[in-house]
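Asker: Chain by chain, the residues:
Number of protein chains: 2
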Amino acid sequence: MHSPRNARLSSKASDEKGSRPMTNALNSIFNARSIAIIGASNDPAKRGNQAIRKLRADRYEGTIYPINPKAPEILGLKAYASVLDVDGDIDLVLVCTPAKSLPSILDQCGDKKIPGAVVLAAGFAEIGPEGEAIAEATLDAARRNNVRVVGPNTNGVFNLHNKMNMVGVQDVEPGNIGICSQSGNMMLAFVTEAKRRGDLGFSSYVGVGNQLDVNLAEYLQYFGDDEDTKAPIFYVEGFKDGRTFLDTCRDVTQKKPVVIYKSGRTEAGQVAASSHTGSLASSFALTRGLLKQAGATVVEQSDEILSIAEGLSKLPVPKGGRVAILADGGGHATVTVDALVDVGVKLAELTSETTEKLRSLLPAAASSVNPVDVAGGTDDDPSVCADCADVILADENVDILMIIGMYGGFAARFNPALLDDELETSQRIVGLSKSHGKPLLVQSVYAALRTKPIEVLKESGVPVFVWPEPAVHCVSELIAYAGARTRNATSPLVVPDGPVADGEKILSKVTGEDRDAFYEHEAKDLLTAYGVNVPGQFLSRTEDDLAKVTGELGDAPMAMKIVSQDILHKSDAGGVKLKISGETDLREAYREIVANARVYNPDADVHGVLVAPMAQSGVEIIIGVVHDPMFGPVMMFGLGGIFVEVLKDVSFRALPMSRADAHEMVEEIQSSEILDGVRGDLPVDKEALEDLMMKVSQLALAHPEIKEIDLNPVILRNDGYDVVDARMILNSKGH
Amino acid sequence: MHSPRNARLSSKASDEKGSRPMTNALNSIFNARSIAIIGASNDPAKRGNQAIRKLRADRYEGTIYPINPKAPEILGLKAYASVLDVDGDIDLVLVCTPAKSLPSILDQCGDKKIPGAVVLAAGFAEIGPEGEAIAEATLDAARRNNVRVVGPNTNGVFNLHNKMNMVGVQDVEPGNIGICSQSGNMMLAFVTEAKRRGDLGFSSYVGVGNQLDVNLAEYLQYFGDDEDTKAPIFYVEGFKDGRTFLDTCRDVTQKKPVVIYKSGRTEAGQVAASSHTGSLASSFALTRGLLKQAGATVVEQSDEILSIAEGLSKLPVPKGGRVAILADGGGHATVTVDALVDVGVKLAELTSETTEKLRSLLPAAASSVNPVDVAGGTDDDPSVCADCADVILADENVDILMIIGMYGGFAARFNPALLDDELETSQRIVGLSKSHGKPLLVQSVYAALRTKPIEVLKESGVPVFVWPEPAVHCVSELIAYAGARTRNATSPLVVPDGPVADGEKILSKVTGEDRDAFYEHEAKDLLTAYGVNVPGQFLSRTEDDLAKVTGELGDAPMAMKIVSQDILHKSDAGGVKLKISGETDLREAYREIVANARVYNPDADVHGVLVAPMAQSGVEIIIGVVHDPMFGPVMMFGLGGIFVEVLKDVSFRALPMSRADAHEMVEEIQSSEILDGVRGDLPVDKEALEDLMMKVSQLALAHPEIKEIDLNPVILRNDGYDVVDARMILNSKGH
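Read top to bottom, the protein sequences are chains A and B.
Numbering-wise, the first sequence is residues 1 to 735 according to this note's numbering.
Numbering-wise, the second sequence is residues 1 to 735 according to this note's numbering.
Don't read these hints as lab results, they were simulated from the structure.
Wrong hints could be hidden among the right ones.
Derived lysine-lysine pairs resembling BS3-like cross-links, with alpha carbons at most 30 angstroms apart [to be verified]:
hint	chain 1	residue 1	chain 2	residue 2
1	B	K314	B	K163
2	A	K452	B	K195
3	B	K570	A	K579
4	B	K579	A	K579
5	A	K452	B	K46
6	B	K314	A	K195
7	A	K163	A	K112
8	B	K648	A	K648
9	B	K452	A	K195
10	A	K648	B	K686
11	A	K314	B	K195
So that you can see chain A by itself, here it is in the shape it has in the complex:
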């Protein structure tokens, strides 16, 4: 739950710590040169014993101080009654004692100027009111003493490059993948999978536990700064600090990919997650849109998280998204092409020069267009595979190369004497990827058997996959990451200077009348103030005002709508009349609308009738802005009617956003083809649409007191748009 208390404390914390950036404290934790184990024990079943044994087994190079007031010695090390009894500096305490001991322990840490504590105990907010009180006292103590707390209710942290493993997982190798997880079991799953594969290692891990103090955004900052981490994995059940996380993510992804699995995506999943943590999840579609906007790699299958992180950690960022395939045997190539098309990746079109060169290298039966199939042309000479790879990588139309099928099995399959050639070919392939500066991935049946030529590839940083789909998904995420990085680096977030004068005037009118909701004409006037083209509209307070309408617009057909705070469903109230022309008919319709309203709700305060020309036909869309409790202001875009209501085909971005974000919102919806013109219609004016979205964004940012904006529908035409209806609601009366 995102409680105001947390929000306040978290911002207070960053204020108080102005002179000591939080990443320094996390750095002290992960790179601690001295660790005190509070609750150190001689009982081998206790964490206060296991942690010390593991540190020593791994030859941790810093100093370990067992803290136990009752034992003079733990596992042969001198024990201390408290951290205050230790002479040297302490960078980190691992607290193995129960929840209620925390406040006094943190006081001691403060006295000793210890920057960080990892707290294993459960029994805080997740157990109810009693635990909440302990949590509050603990947090107060942490703030007071300037100690950053990891957890509580965490299974610990490790930094394998610091030989510091305080989680107790065995046989895990140092490497370049970081893990930040709201589930200790998921970390165990990654580590175990790596152990099974035998060729993947990790940098640091943190189990975030209850996020009492340090939050996900701060961990992300640490992983972003940590040179040993090439790609951090975040397993997130719920954000407590969504907006800060997005901002941090936008920065970090300029340096390295960030791989996120957001669990509790479905309503049922959220219930399962809530019983596990205290966080409420915003809708997954919204969260995914915002994370992608911030440059993150959002993975939706847990079994692909690790391989995607591995690929992104190893591969250079491609210049574009055109993929070439070099295959031996059709089956896997076909599966690969199907999978690429499924995720929208483009196949490279090889130049005729490349095709010619491949023809000269390969037998007549081979395919020398993409996907290239060697058709047995490498069976007795693996080096031909490297020759082909060289030719393909040199092609200016190729951004990424996938070697698909059976690579690494020449000796195993055809002739053991080929092994030396094959090993040399592996070395050449590694070199080619580097010299051409383009990503190269291998999918091979023989990856499962870890043959020597496969091992050479892996050891030199070429990602190797057993099946095509995980390789394809890695490629598509790599392309998406490259695109997002460029987008965020080149298309700036657009922020208004502040509210325009006309806008402030309208706002004061609404708040002055102590209203939550804008009248439709006010909402449209506010849009006009921010440069949005709104069709002419006339608020008729009396029937006689209608003369002005026909005076200005003549006999064009008009739409007429009741204006009243007390009538929400205008059509139900008989408050809408369409296609009315000429003063006589307008007057009659006016009288009917007002009369209907009186019948519908005798107490309704009728403000007048809004008259506007009928919109031309076109494609109905919806643009909305809401204030998400986790992420702040968010824009939604979708096609109108059933596309939003039934198919839920919408896109989301956090505000402020860039013009490129608006463009991606438009292209991202599944039914976007409709905007390009179907059944003989002309395409809609997408420039004007994106322009409109940017203006609504400016309006929303300039007036944060508006909690909801709903342009529904806007009708898009080939030459512009009509805002047919607009609703705006203030955040509890403008305050």
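For chain A, the structure is supplied; the task is to place chain B on it using the hints.
Answerer: Frame of chain A; chain B shown alone:
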């Protein structure tokens, strides 16, 4: 390519073989007691040497006859100049000699009464005209000599239960999964994956090669009859015998699941596949719909084929689709629930009795509703896990149980002394699955490490998965299989007795006038003849005919449409007028329509004007029937307009179909919610819709000479439907 030649030959073959069902021949091949190796060789690099070595290494129990006119002895076995020189019976020949040798070899096989030949050589139809001639001569020889040919251009067959491995793959264990593949490499991928896992085995494999003689349907029949195969996998690039395959599949899936991966799903993938085989693929959406109708399990990720086949081969068929989860630790449970919801699987609602019992077994912090989370309640006593499983499996609301998270790691994680308890718990879990007769699957992080308690589960037939998603996909396919099996067993295919008299009359009229296309009123009359409610319609051949219309229908608004074979796009020709009331206006509209038609196409033969009452508003749908070149008559269903044209949201079934098929077609489209009533609309009359689909199906089957039927649109209402437009086209003038 599905050439008429193949169609003819294939049907001729089954005629000729009436007295000897083809499965007997395949049985002789896979269960051969004596094998002649044609092209046997002393050169260890040749298949004619390797095959003999492999058979002997595996202790093949039948007789091996090396055939080589030049060598007296091969690998110590007496060699023969030809099969005719062998004294004993020969069940199978493995032909290792080149393509052109085939016809004379098959003649010898005929003389020797050998029922089957496996032909490795390439160089047949896939290399062009020269190869096509050899292929034709080979097929003629096979027919003439009553020899069934596997391949050519196959990498061979194996039946591990017969200790007959003529593919040469090493270290593959006998088991219950069959493989039939159009790509030898895909078989190698499955076998290699099984080797990596070390706990999966296979029954028989066949590489179908060019399918010159034996086709996919016949292999499916073999696997259906083979008692050693519990679940065959089919990797298919293209069907040559789609309709027969569907029929066979419908039979076989009553006995066992059939797992199919159809590659070349996308247009680009089809190109990649075509360069590999000679088959053209029909659209994947169509193929998938038809295969599912026939009871097949269609897998769309190649990396999940094997685990789904494994699960289906081991698990009992569930009675329903309600899944319970028993988890230790929230992370994997949340991922599992998300994945279940993603694929539309329902979570079981546990009875209060079950919840009470679980509460008494588990600590207070545990979740005793589904998903059940033991919250550490099993950490020091694994047997509690079996206790909980027993309680959950006994619940009448539970059809399937998934044990999720960390099972099998109690000793590894907490305390080595727990191992005995854990092994006993594994045994109990195995027993519970059997005694309750309900499918039970396990997903565990420790599956990757193959701990002993995990191995006990696997050895006793409990499928164990490393990650949640493959487990979930296995469950959803199991539920789908159970549903399809019941559907096909209980809802009969509906076939008409023959054409009705009125129908024949209309057909004769169209063919009598040597037309391909029906006039709209003829199409609607034909629909009426098959019981479809068609709104009253009047064909006015002259303006004066209109008096009848107003005589019968009064002043109701009418739709008027030109009737002419020469005007296809009626609206473009000004040939459509809507909402016309009263005789005067009808007459004027008639004159305009005819005049417009003359301007549009002065040569057009105008047959008249069709007048029908305007349809009431409702939901537009399309029902179509086409004759697919691979699968024969197929019905398509979808919502009208952009849903078909842009979103391609349609469902397909082969005709004849069952009422349950019609129901599934309606429910299967993504936008089916629209039929249930959105934005305040009433739901449409689905009974009437399914009824309409069945009647159109009867019409199409009774008149196979109609190659295309298109009801577009039909307007569905809460109390019925209106067929607004109907088009029918004959198969090349009715012949």
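Asker: Give a verdict on every hint.
Answerer: Verification of the supplied hints:
| no. | hint | result |
| --- | --- | --- |
| 1 | B/K314 / B/K163 | holds (23 angstroms) |
| 2 | A/K452 / B/K195 | holds (17 angstroms) |
| 3 | B/K570 / A/K579 | holds (29 angstroms) |
| 4 | B/K579 / A/K579 | holds (19 angstroms) |
| 5 | A/K452 / B/K46 | holds (25 angstroms) |
| 6 | B/K314 / A/K195 | holds (28 angstroms) |
| 7 | A/K163 / A/K112 | holds (24 angstroms) |
| 8 | B/K648 / A/K648 | holds (17 angstroms) |
| 9 | B/K452 / A/K195 | holds (17 angstroms) |
| 10 | A/K648 / B/K686 | holds (23 angstroms) |
| 11 | A/K314 / B/K195 | holds (28 angstroms) |
Hint violations for this structure: none, all hints satisfied.
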